[in-house]
Amino acid sequence: MQPVDSHLFLIVGAALFSIGLAVVLVKRHAIVVLMGIELMLNAVNINLVAFSQYDPNRLQGQMLSLFVMVVAAAESAVALAIVLQVYRHFRTAQLDDLNELKQ
Amino acid sequence: MPFATPLLLLLLLPFAGALATSMASRRVAGGLAIGLTAIGLVTTGWLAMDALAEPLMIRFDWAKFGQTPFNLSFRLDRLGLLMLGLVHFVALLVQIYSLSYLHDEPHQARYFAYLQLFVGAMLGIVLAGNLLVLYIFWELVGLASFLLIGFYNDRPSASKAAMKAFLMNRVGDMGFLLGIFLTYIWTGSLDLDLATAAGPLPAVAGLCLFMGCVGKSAQFPLLTWLPDAMEGPTPVSALLHAATMVAAGIFLLARIHPLLNPDALVVITLVGTITTLWGGYAALFQTDIKKVLAFSTVSQLGLMVAGMGTGNVGGAMFHLLTHAFFKAGLFLSAGAVIHAVHTQDMRQMGGLRRAMPVTFAVYTICTAALAGLPFFSGFLSKEALIGGAFGWAIQQGGLAGLIPVLLLLSSGLTALYMARQLRLVFFGDYRQSTVPLSAVHDADWLMRGPMLLLAGLSVFVWFSVNPLSAHHSWFWSILPPMEEPTLVWLAPVSIGLVLTGGWLGFRLKEPRHDKGYVPLSVEYGFLDTIYKYIVINPLLKLAALLNRTDQRAVDGVVNGAGVGTVVLAHLMSLTDRFGVDGIVNGVAWLAGRTGQLLRSVQNGRVQSYITAAVVGLLLVLWWVL
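Chains as they are written, first to last, in this note's numbering: chain A, 1 to 103; chain B, 1 to 625.
To be clear, the hints were calculated from the coordinates, so they are not data collected in a lab.
Computed from a predicted structure; not experimentally measured.
There's no promise every hint is true.
Said to hold, decoys possible - FRET-style restraints, in silico, Cβ to Cβ:
#: 1; chain 1: B; residue 1: GLY595; chain 2: A; residue 2: VAL32; range: 30 to 36 Å
#: 2; chain 1: B; residue 1: LEU598; chain 2: A; residue 2: ASN57; range: 48 to 54 Å
#: 3; chain 1: A; residue 1: LEU80; chain 2: B; residue 2: TRP623; range: 47 to 53 Å
As the list claims (entries may be wrong) - Covered by chain B, according to a simulated footprint, are these stretches of chain A (three or more residues, beta-carbon under 8 Å):
#: 4; region: 17 to 28
#: 5; region: 87 to 99
Where is the CB? At the ideal position from N, CA and C, for every residue including glycine.
The shape of chain B in the complex, shown without the other chains (with noise of 0.2 Å):
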């Protein structure tokens, strides 16, 4: 296996990089992990070369418990190249953008540590086997991702978010592992390959297996962890938030897709689309504008899990990568923005187009990209998953027709709530009072470059030479595209639709804000409301309880038993002193008073002495007589 030395390297390169990084100082930190990850995007093109003919294998041994062995594995084929290669690139672009963007924080090593220890993780995900593998990773993952969460630690908000997002992905995770060991007992292997070999899993297992999807990719019930995970840095969330980690998720249900049924691919399909509608209608009229990015981010991965579950994993897949760049661009123009105007209300921003023209120029591509219109990438894999999801839809036939109606719809709606952040950023006037508009300015050129190199690739001709259709693309050779039946009408509709949204979204007056419906997008339904009372409070109450019963029960057991040796040793003591003390005591004051008697018969008196012999005498001739 001459490959399998650069692919272990390959992984664990960052998990050494992160050590390292953690303890360089300041100055050279951002250039290590850089370097890093530059060393591994170079490694993943020579392994490429390999890979492209047949997956790559790797297998060992790890634990055996009795006769049962569990081996890791890794493998690397075509779908993993791609995500190999993605994680790379923008991790290496957000690490470059990062140098910048951080140039203040003095706890720069920790952060490039962080980043370090995500890349290694996700590509312990992209590179996994087997479903132990996986796991181990995953976790892994959600580490990485609740440490840069919490980065700025000194902000409760952060911390908090930080601490939620950990929760929810537990509750997630939860499922995933329980999904794991169904998959064991059912299969009798963890095994990727041998697993899938053996056919679609009980729906039971498998939707267990898509909770890990749900909890990872924000996902409804658990998607107000993304919001609030905008705490994080700027380039964090660009990273993980929007373009990698949340894609886990998906990657999963693309590398687990043999194992489900038709009952559990008809719940994703639901699920996705409640989320894609849900995330999109939440974005509507946030005014922080990372979060509308991040509900704009949930929405798309709402639509790529709808497109998994209508059994189009290419297509799902396509837009993982499409919307890894233009939405990492999309955040790293936000970062900008918000680098220089210091604020992320986009109430305060506006007429910010003269001011900082590249951003206003990258971030136009990337909603263009993000909201579908033609001839930039987002059109083509938005295409190729509607247009899959209408095949399944005519093949399942009845309530079916519905889905693939609402995802259209969803894409309208992202039309429009990107041409409202696009205006109130970008267009009007200038409402920020602390920052004068003169002082605003284009960021340098570590942050312009990537942002201008994420745009670029945001543009069609990198995926499909034709503008319009992505038959011809050459991702078709990693996955295969889904067979769909061509609907001439779906294009110019879809494109309408985009065109209706933007022009709404640009046309459109803010409304008052105690009008019902913009409370209920801007606390995203509820949710976290619903959940207190559902949830987190039921189990506060519980804690209490228990806590109580801690004090009162275990406690009082304790006490009591603690009492109990008290009175029991003041009993012994009693004893002690009135029993043992008092036989030895007694023996003692006898012995004592005899010998007290016995000494008053000598006390050196004669006339005693006489008495005494006299009594005596008298004693003895009464006794004789």
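Isolated chain A, as found in the complex (with noise of 0.2 Å):
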């Protein structure tokens, strides 16, 4: 099979990251920033599925990124119970009132 242009993949990925990276540092709101973090993971998910065709057997990218996508279910899962505690502990889930580190 004559393999697509990776870099097209790799434009979207790239775009993918940024657009999550600038997610996760403007928006304000903790779930939001939540699938900002979604959005990177699918980022490398793409990149690791292009790259992929490059391999002999054309799996190890593929299985990858589904281990990622498990991983971020576990994580979105035990992100989602943090932000639920936060919300509970201070009644706002506003990342920009949420600044105890400062302290």
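Hints in hand, dock the two standalone chains.
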């Protein structure tokens, strides 16, 4: 099978990562930030998949992306639980108000 | 020196008395003072037995500057003994008189203390053996005079007169002090014995020494303080300003006579002659009973000074002695009159001879002595003086002949004004309205006694057995008489002059006051006015100028320095605030800003940490790749 020109995938991945990073850095709500993290993870997945065509077995990258999806699911579960606890404790989920680290 | 103790005691007694009297109560003060003076008189008599034989001397070192010793020395010789007796005797009489005269005075203790101070100072002058000691007591006498003239210190005129007397005396004393310095330069000693042994000094030194006499004895041109000094109590005028203190100048001349060279003596004669005429003329039209006597004192002192100038030390001292008695008697009688009629204005008196017979008698006797009528003491001494002057004039020749003639004239003048005074006070009609004539009477015995005693001493017998000539008087054993030519015509001429003067004084009417020569006499030749324009006003202007200079220059410098300091302080303060404080504050501000900047990084926001991490990562990557 003729490999697809991979740089298109890389551009999409980079764009997705950048968008995710921008969301993480700019957005105020913890949930939205989590969503940005998911975007970045998915950008990684795209890269993994895109580069897996150079693998003779063409499996290692895809397997790793599946692994990433599982880990991401677990991560988001834990993160959501934390956000829920934070909201309970501080009665807010706005990151600007959560500056306990300052102290 | 067995006599040293009584001599020093004699000197210290009045000073101790002054202290004690000033603290004593009113009642005992007078008695205490009189007692002390009497003790002094007795001691004088006791010392006289030793001192008559040969002079007593005490000398001890006082201070030593480098190699130059200054010693204090006291001497008591016949001349000193005479003055000692005179001062004590008159002081005693005056103090007894004062007991009654100042009976109602609340400050009697102060008065007697001042009198004691005066007696002590005067004794110091008399006993002084060198010029330094003499000068010290000279100034003390000036002080006592100042205090006593200003005794009624609630009267502004009295304190003014005291000030005037003091200042005018200062002028004379300044010259005297210079004279003492000059004497020391020329003779190398202040001791009277040693200095006089060196012979006459140059005329400058002699005249400087004479300045002391000019001030103290109220000679021309410093004579204007004496009439004003009559503001003091009348007994004081009798003691200080007639009998003793003003005679200190004459006594000084007698002491320093060997130091005076012929030129100086001529000047002294001239000054004395001018003074005697000036004083005599000034006495002519006075209306104040005491001022007439004051100017008469000036005139008589001038006569004595002129006598000194003609070299007639004995005659001058003789006149001093007789003058002290009859002038003190006159002042005490004048005091009795003032005491009785409560005024000093002779125009309001008159006709008192019946109301006050004793006073009248004393006054007449003393006036006769003062005028120089025969059978009285004044005649003897004046004759000795004027006769001596004629002898001197014959020796000198030329214009000098004018001097004794002028002195003779002043003697006639004396008779004129004294007769006028006698007429105004004791003859005619009583003109005083506030005190009725029936209330006027002689003083009590405390006052009458001294007056009578002094009047008694104005008669010839005490001085010479022969009423018309003093040639065989006991006085010449104290001081040798001047060799004078026997002038047969002198006595008749002078008696004639005196009688003419007296007759004129009785007969002449009082001239109108607007005639030019009357104010000239009353204002004593406008001497005070002249001084006002020549000396006082320029001095006041100078003082005002100095005051302005002070305010502008000296104060200006001080104020300028103050303003400069304040400006400098402000500058320093600005430098401090913006310079030193600025640096400190700047450092603090910098630290604060840096802290703020650094703190802003750690703002506790997760997102900014992430941003920082990402940026940092990108930077590292950029740098690495």
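To see whether the hints hold, each was checked on the structure:
no.: 1; hint: B/GLY595 x A/VAL32: 30 to 36 Å; in the structure: 33 Å, holds
no.: 2; hint: B/LEU598 x A/ASN57: 48 to 54 Å; in the structure: 53 Å, holds
no.: 3; hint: A/LEU80 x B/TRP623: 47 to 53 Å; in the structure: 38 Å, violated
no.: 4; hint: 17 to 28; in the structure: holds (count 4)
no.: 5; hint: 87 to 99; in the structure: holds (count 4)
Checked against the numbered hints above, the structure violates only hint 3.
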